[in-house]
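Protein chains in written order, with the numbering used here: chain A, 1 to 414; chain B, 1 to 414.
Please keep in mind that the hints were generated in silico from the structure rather than gathered at the bench. Be careful, since some hints might not be right.
Which copy is meant is left open, because identical chains are indistinguishable; a pair holds if it fits in one copy or across any two.
[Said to hold, decoys possible] Below, a list of computed lysine-lysine pairs in the DSSO-like style, where the Cα atoms sit at most 27 Å apart:
#	residue 1	residue 2
1	LYS157	LYS215
2	LYS235	LYS309
3	LYS225	LYS269
4	LYS225	LYS244
5	LYS215	LYS161
6	LYS162	LYS225
All figures in this text were calculated on a predicted structure; none of them were measured in a lab.
Protein chains: 2
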Amino acid sequence: MRAEIISIGTELLLGDVVNYNAAFLGEELARLGIDVYFISCVGDNPGRLEDTLRQARARADLILTTGGLGPTSDDITREVIARTFNCPLERRGEVETMIREFFASRNRSMPEENLRQAFFPRGAVPLYNNEGTAPGFMLEEEGLLVFALPGVPPEMKNMFKKSVYPRLLSLERREGIIFSRTLRIFGPGESEVENRLSRIIASQTNPTIAPLAGKGEVRVRITCKEKDEKKAQEKIEEMVRAVKGIIGEYIYGEDDDTLERVTGNLLEKNGLSLALAESCTGGLVGSRITDVPGSSKYFLGGIVAYSNKMKIESLGVPPETIEKEGAVSEATALAMARGAKTRVGSDLGLAITGVAGPEGGTPEKPVGTVCLGLISDQREIAMTCLLGSQREQNKWRAGNAALDLIRRYILDLI
Amino acid sequence: MRAEIISIGTELLLGDVVNYNAAFLGEELARLGIDVYFISCVGDNPGRLEDTLRQARARADLILTTGGLGPTSDDITREVIARTFNCPLERRGEVETMIREFFASRNRSMPEENLRQAFFPRGAVPLYNNEGTAPGFMLEEEGLLVFALPGVPPEMKNMFKKSVYPRLLSLERREGIIFSRTLRIFGPGESEVENRLSRIIASQTNPTIAPLAGKGEVRVRITCKEKDEKKAQEKIEEMVRAVKGIIGEYIYGEDDDTLERVTGNLLEKNGLSLALAESCTGGLVGSRITDVPGSSKYFLGGIVAYSNKMKIESLGVPPETIEKEGAVSEATALAMARGAKTRVGSDLGLAITGVAGPEGGTPEKPVGTVCLGLISDQREIAMTCLLGSQREQNKWRAGNAALDLIRRYILDLI
């Protein structure tokens, strides 16, 4: 199956928007074993969009478009697909009702333009959108499947997962498809992972294995092409065991796992509650933990003590600790963790204090220095990391290190 | 001048790499007043790359390629451009010397494959690369200019700025270049902004004006093509005044401004300190505020009170308020804000409590209900927003609403 992705919107050509949508779809299609041959970006221009669609129609079996489904006059995808595929637009009453209800349920008045979104090429199957008003659609003709998806990323992803993925999966089953699993690794860098797995990488055939650098972590992707899912999963499982034998303690999860979810699950399973004391991360770790639905079962809350005064007053850090050891020190981190644990009344207290940058570095404690403290009734653990020079990246990585510290503590890996 | 960008590399089609290069080039070309009509991504496949190049050659005056200039066998850009434009590859002694020197100066031995990078299509002008070995090149034929740039972003950007930009600037100056400004708007949605600006939009010529949906906000982009920068800025300024006359109170900033930076600047300028009480956002607002370097001047810290127990004990919310009004209520939000202000000792206290979802909604308080409270010595303001169904998006939007509430409070807009 040969696929093309067409991303529609002048904002993409102007560089106002980075084309994350195409990367998401490329990755999803690769997992399904569908080859993407071209990604084209075209502006809100009917003639050029029609040219692009005609070309894709001539050479692909599957076309995915994103964007141009909104209610305004520069949202041209519906009209141009209708023209290109000779399926004139028709109003769909059930979609109109749905759009009206969407606005009514939010007590908002519906601008008349939104009714444009109730028109679809003749024969198209509307695809619904939990996240907003823009409905997408699927159009089928001999040997070709077209999906028109919205351009707003969460809406697009939701629609892909709900409506596009199941359909493609059922088509691809016939041929033998690609199964893959991704191991998520925190700790060693990409080249260290590659070195340690070099023997396995050198002898790979099916499954194949590839390390990829991620956002402050490394992913190892294992890919296997088989007709039979069970056989593929067995082969993948064997490879996973081999990788775990070498770098098992750094593997925190698989596929869509996140450190916050994995660590959250461990807290929940072990009946442990957590309180945070954050300085340089400013609340980021709490925010990441609460990105996980149900996190209230183990996360009680925390104190963001950005100023030293708050470290002293709200967390009970002894002023002399800050004076002698510095606000960024393992001693202060432990005192902050202890304060969070005691004042919130949790099983674990975790603290992060560091120099996020770009200012505030010293020769002894350069930008990127982050101290972590973890306190339970049984133990206290402190550690210092030296991260990079970028403020937001440092915050993210400090969060990774903090979440991984809890994980390793619970799993007795530290 | 009609430009096309061709991004080369199978990793782009697989979604392993996001196409930031194309966004960078799109933005730079837009600034130069050069219209990009298409961005195409194609894999490391000679036939498909040749098709894409032939098509671009037929319809564009300017082609920029990125990627495929490395030393390995799947780096095919040199060969395929040579074939497509009938300019066979030739070895360039001066480039070979440069590559050898690059390795020698770093005390590294040069792999033989790197000599592939000394070959260029006949007539091409090599472009040098401070950041790595991959040299790019420029090829000119009647009415068409082709630049082949490396795929590694810092190398590509460096080469663009050093070699491509000056050349394009000298060409484009003759016609006039594009200046633009973006207004950032929080509050009304995209179609409401479009409706309210409809008269201006209908009569636009130069400058042009276009609303774009962003992440929980709307941007209005004003673009002006002129030979003279001063004249362009005057025309843009006039358009900005017209837009401000209609939706001024919702415009929080321009260009790269963020709500956290704008609100932070207002706090700093007015000598106001802030403390937060976050429930459903779990620390996100504190994290966003501390993304801004120097935020310690106005942000003292906060309390993430995820559990009701913490709302009561750490923020002093009366248990009966939670019982009678609910944890998600304006009364609880105000009590939380008061608790944060008093306990941290700040000028302003801001609280956010809501149902982020996907669970926890009720008929009266569905998922997406968020209550905000803001307390100063002079005033107390509470408000309720009804957001969407997506947890992470709700957290982000609640943060926008909270930051904007502070902004409007300081500016006396509420």
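If the cut is 27 Å between Cα atoms, do LYS215 and LYS161 qualify within a copy, between copies, both or neither? Result: close both inside a copy and across copies, 23 Å intra and 21 Å inter.
First find the shortest C-alpha distance between LYS225 and LYS244 inside one copy, then the shortest across copies, and answer within, between, both or neither for a cut-off of 27 Å. within (21 Å within a copy, 58 Å between copies)
Classify it for me, LYS157 with LYS215: is the Cα-Cα distance of at most 27 Å met within a copy, between copies, both or neither? Intra 20 Å, inter 15 Å, cutoff 27 Å: intra and inter.
Can you give me the call for LYS225 and LYS269, within, between, both or neither, at a CA distance of at most 27 Å? neither (35 Å within a copy, 61 Å between copies)
Within, between, both or neither: how does the pair LYS162, LYS225 come out at a Cα-Cα threshold of 27 Å? For LYS162 and LYS225, the Cα distance is within 27 Å only inside one copy (24 Å; across copies 44 Å).
At most 27 Å between alpha carbons: which applies to LYS235 and LYS309, within, between, both or neither? Neither: 57 Å inside a chain and 49 Å across chains, both beyond 27 Å.
Comparing the model with each earlier hint shows violations of hints 2 and 3; every other hint is respected.
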